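Here the sequence shown is numbered in the numbering used here, starting from 18 and rising by one per residue.
In short, the hints are calculated from the structure, not lab data.
Predicted, not measured: the structure shown is a model, and the values here were computed from it.
Please note that the accuracy of each hint is not assured.
Straight-line Cα separation of at most 25 Å, BS3-like style, residue types lysine-lysine; simulated pairs [to be verified]: (1) Lys105 x Lys199; (2) Lys204 x Lys105; (3) Lys55 x Lys105.
Simulated restraints on C-beta separations [unchecked claim]: (4) Glu168 x Pro95: 21 to 29 Å; (5) Gln153 x Thr59: 37 to 45 Å; (6) Glu149 x Arg72: 34 to 42 Å.
For each residue, glycine too, the CB sits at the ideal point set by N, CA and C.
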Amino acid sequence: MKAKGLLMLGLGMAIAFFGDRANALPGQTTAEVAAWIKGNDTLSPYSGQTLLVHRTDTPAQRFTFEASVFAPGLATPPGDPNIVRAEKINLFDMINGVTLNRLHESLRSIYGLEIYQDFQQARVIYAYPNPEMVQQARTLTLPLQEALRGELRLGSRFAYWIEIPQPQEGKPVMGKITVFLKSDLDKLEAQLRNR
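Full structure from sequences and hints, please.
Laid out in structure tokens, this is it:
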């Protein structure tokens with residue numbers, strides 16, 4: 018029991034000293050991000066996983082972390098193919114569901130307090146759906162489009178995109194949060210407004 022207490026104390030101290038900063042973020046090279054992913058205890062990639070980490074606890078529970086040289090949204094040619102433009106966390110959980118708080122906590126546990134605070138203090142630039150979007154989705158019988166709830170945020174360091182499909186009945190079972198370069202925000206906002 019004493020050894021377990023010392024281990025927990027050691028983990029707490031490690032989080033206190035190292036857990037408040039992220040070492041790889043959009044804007045860095047693919048090599049820097051791959052090294053950060055490899056050393057990130059929260060991500061804990063398997064051998065061979067570099068910019069994509071996939072975990073499956075059961076068929077009903079999945080976690081994916083993906084660093085990409087592409088901007089979020091519709092595919093466009095990358096600028097510099099060696100620079101990461103976006104990092105996305107996807108959660109799928111049919112057992113416990115996926116909430117906004119769970120996505121926020123995933124962001125904090127992967128990136129640390131500094132990025133989490135940037136996200137929390139970020140200004141909401143665009144939130145959807147609006148009433149017209151819901152009505153249009155109902156008219157066109159597009160239940161997934163009607164269910165999507167999301168927002169774009171602009172922080173002092175990065176932009177953030179969070180999205181959860183909220184079914185009419187039951188709990189959401191999937192959601193994503195993306196950290197990306199602020200320079201890609203206008204393009205993504207235009208795409209989301211026009212979909």
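**Q.** Enumerated hints in conflict with the structure, sorted upward
**A.** When the structure is compared with the hints, none of them turns out to be violated.
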